[in-house]
Amino acid sequence: MEQRLIERYNLFLHEFSQETSKEMQLFSIIAQSFFQPFSLMDNLLVIMTALTAGPGLGFNRAMLFLTSGNRLKGEFWLGPASPAEAESIWRVLSTPGIGYAEIIEHNRSLLTSETDTLTRRAKKLSYALHREESLIPALTASARQMILVRDARNEPAVDKRFLEMIDTDEFLCLPLVSQKDVLGEFILDNSITKLPIGHRDIELASLCGLMASNYIYTAQLQKRIIEMRKVAAMGEMAMYVTHQLRNPLVTIGGFADQLLDPDTGERKKKRNVQIIRSEIRRLEKILLRLSQFLRIDVREKTSVDVQDMLNLVQESIRQRIAGRKISLDVEIEVGLRLILCDPTHVGEAIRNVLDNAVDAVHDEGHIYLRAYREGTEWAVVAVEDTGKGIPEAIQDKIFDSFVSTKERGMGLGLAYVKRVVDACGGRIEVKSAEGIGTTFKLYFQTEPREKGA
Amino acid sequence: MQKKLLIVEDEKNLCLLYREELAKAGYKVTAVSDADTALEKIKKQTFDLIITDIRMPGKNGIELITQIMALRKDIPIIINTAYQSYKHDFMTWAADAYVVKSASLEELKAKIKELIG
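Heads up: the sequence lines are chains Z and P, in that order. Under this note's numbering, the first residue of the first sequence carries the number 1, and numbering increases by one thereafter. Under this note's numbering, the first residue of the second sequence carries the number 454, and numbering increases by one thereafter.
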């Protein structure tokens with residue numbers, strides 16, 4: 001038999017060999033769930049389930065605290081309320097081939113059910129996070145150490161209210177931390193089986209805690225990145241407005257100064273007032289475009305005849321290219337109807353793309369406007385030009401606001417196009433080669449073909 | 454003798470404003486609206502100073518400066534733009550002054566005076 005030189009494996013394992021330990025499988029499930037489009041809570045619950053999956057990682061119940069401001073707050077408490085309930089849960093979880101999808105499903109059903117009194121109780125807990133905080137459970141977080149409580153009832157450092165709630169002698173407190181901050185903590189116990197917490201349990205718990213800390217930290221970073229992007233976008237917006245307003249303001253200011261000059265004659269004064277008025281109109285227009293961009297209405301969707309819509313659009317483009325060596329070829333599939341949120345905005349968006357095409361070909365070239373079905377669900381409005389193309393370095397940025405290759409570009413055109421297409425539930429694609437040309441494809445949902453057509 | 458200025462500014466009204474105000478200040482002003490026309494003028498006539506915008510349709514002001522330097526190294530150039538940020542573009546260092554457009558033309562006039570009197 002020919003020996004293969006390479007072997008490929010799915011990174012996300014679904015089947016494990018006989019020798020693979022149960023722990024290893026559970027860790028694999030936990031690690032994989034991180035790459036699924038689940039929420040942070042779902043992923044933390046996967047870890048908590050793995051920790052409490054009966055004979056799995058050895059604990060019966062897991063409580064989660066998360067840091068909120070300067071306090072530790074109870075979020076979830078996962079575990080059976082009685083030995084009978086424990087058995088039914090563990091039976092589900094020990095089903096061979098069970099993966100994170102089933103676990104998450106199980107957890108969600110548990111949390112939405114009325115009987116989840118554990119979580120409801122845990123949510124009442126809240127502890128201040130102080131360095132000198134001496135009461136368990138908060139102590140584990142401020143000390144950044146795992147604390148195994150062997151005899152809770154006789155240990156004065158255990159908060160009495162907490163003891164009353166957890167109602168067991170032995171439990172493990174596990175801090176969830178990043179390099180600098182306290183993110184939360186787990187409380188793990190064996191209140192059902194009453195098995196003592198051993199060294200192996202502590203090892204497994206620590207590994208789970210580190211993974212949970214990673215998840216929380218990553219989620220926090222992502223949130224921070226989104227916030228920073230928003231701030232950056234606002235900064236760009238402010239810069240943009242500043243620049244757009246400067247030229248008209250300079251003009252208004254300059255001609256207004258002339259009005260005050262006693263040497264300026266009546267005719268010139270009248271002319272200046274007209275200039276000032278036209279510049280003020282321009283300022284208004286800039287603000288209008290800006291607010292149009294900021295507020296794209298997503299009205300009720302309507303079905304629109306593409307031919308009608310594109311006829312209006314191409315008319316204005318034909319006026320622009322009249323007398324220039326630019327050809328515009330239009331090819332529209334007969335009877336094509338699109339489902340759009342707002343035909344006016346979509347028409348305007350397509351006109352924007354066509355305007356760009358005209359700018360790109362400059363003096364001479366071809367522009368093709370096509371509309372056709374793609375597959376059963378999509379219709380494409382494609383604008384192709386033989387213009388200068390978009391530099392590769394900025395191709396992934398062209399849909400960002402305030403990015404422009406044009407000297408007087410507002411940098412709003414394509415950002416606007418994308419927002420409109422997104423609002424319609426469509427998408428936009430671009431292919432461009434410098435010196436050869438650019439093709440924009442706008443995908444919209446199409447109305448199904450009439451039967452027999 | 455009257456000093457000769459060339460102004461490159463694509464905004465029609467601004468162009469008019471500069472032409473009038475700088476003429477009032479005693480200069481002989483030629484105003485054009487794009488870089489190519491500016492280059493043609495520079496090839497044909499001599500100017501004592503060139504004032505250019507940066508963002509213009511066609512060639513931008515930075516490209517224009519590069520080409521002017523290839524033609525005539527001795528003419529002082531003032532960049533007059535709505536943008537602060539080009540100040541950090543090293544090609545704008547080649548210009549003799551950088552003025553951010555303002556409703557008051559005093560700074561521009563002061564720079565012109567400083568450069569050519």
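Check each hint, because a few of them may be wrong.
What the hints assert, rightly or not - So the derived label-pair ranges between C-beta atoms look like this: (1) Z/Gln395 x P/Lys566: 42 to 48 Å; (2) P/Asp549 x Z/Gln445: 16 to 22 Å; (3) P/Lys496 x Z/Asn311: 28 to 34 Å; (4) Z/Leu294 x P/Lys465: 25 to 31 Å.
Claimed, not checked - To list a few chain P residues with every Cβ distance to chain Z over 12 Å, as calculated: (5) Glu464; (6) Lys465; (7) Glu473; (8) Arg508.
Just so you know, these hints were derived from the structure itself, not from any lab. Just so you know, even glycine gets a beta-carbon here, dropped at the ideal spot from N, CA and C.
Checked hints:
For the hinted restraint 42 to 48 Å between Z/Gln395 and P/Lys566, the CB-CB distance of approximately 46 Å keeps it satisfied. Hint check: P/Asp549 to Z/Gln445, Cβ distance near 58 Å, so the stated range 16 to 22 Å is violated. Range check, P/Lys496 to Z/Asn311: Cβ separation about 47 Å, and the 28 to 34 Å hint is violated. Taking the beta carbon of each, Z/Leu294 and P/Lys465 are about 29 Å apart, inside 25 to 31 Å as hinted.
With a least beta-carbon separation of about 6 Å from chain Z, P/Glu464 fails to lie farther than 12 Å from that chain, contradicting its non-interface assignment. Its beta-carbon lying about 9 Å from the closest one in chain Z, P/Lys465 breaks the requirement of being farther than 12 Å from that chain. The claim that P/Glu473 lies off the interface is violated: its Cβ sits roughly 7 Å from the closest Cβ of chain Z, which falls inside the 12 Å cut-off. A beta-carbon of chain Z is positioned within 12 Å of the beta-carbon of P/Arg508; the least distance is around 4 Å.
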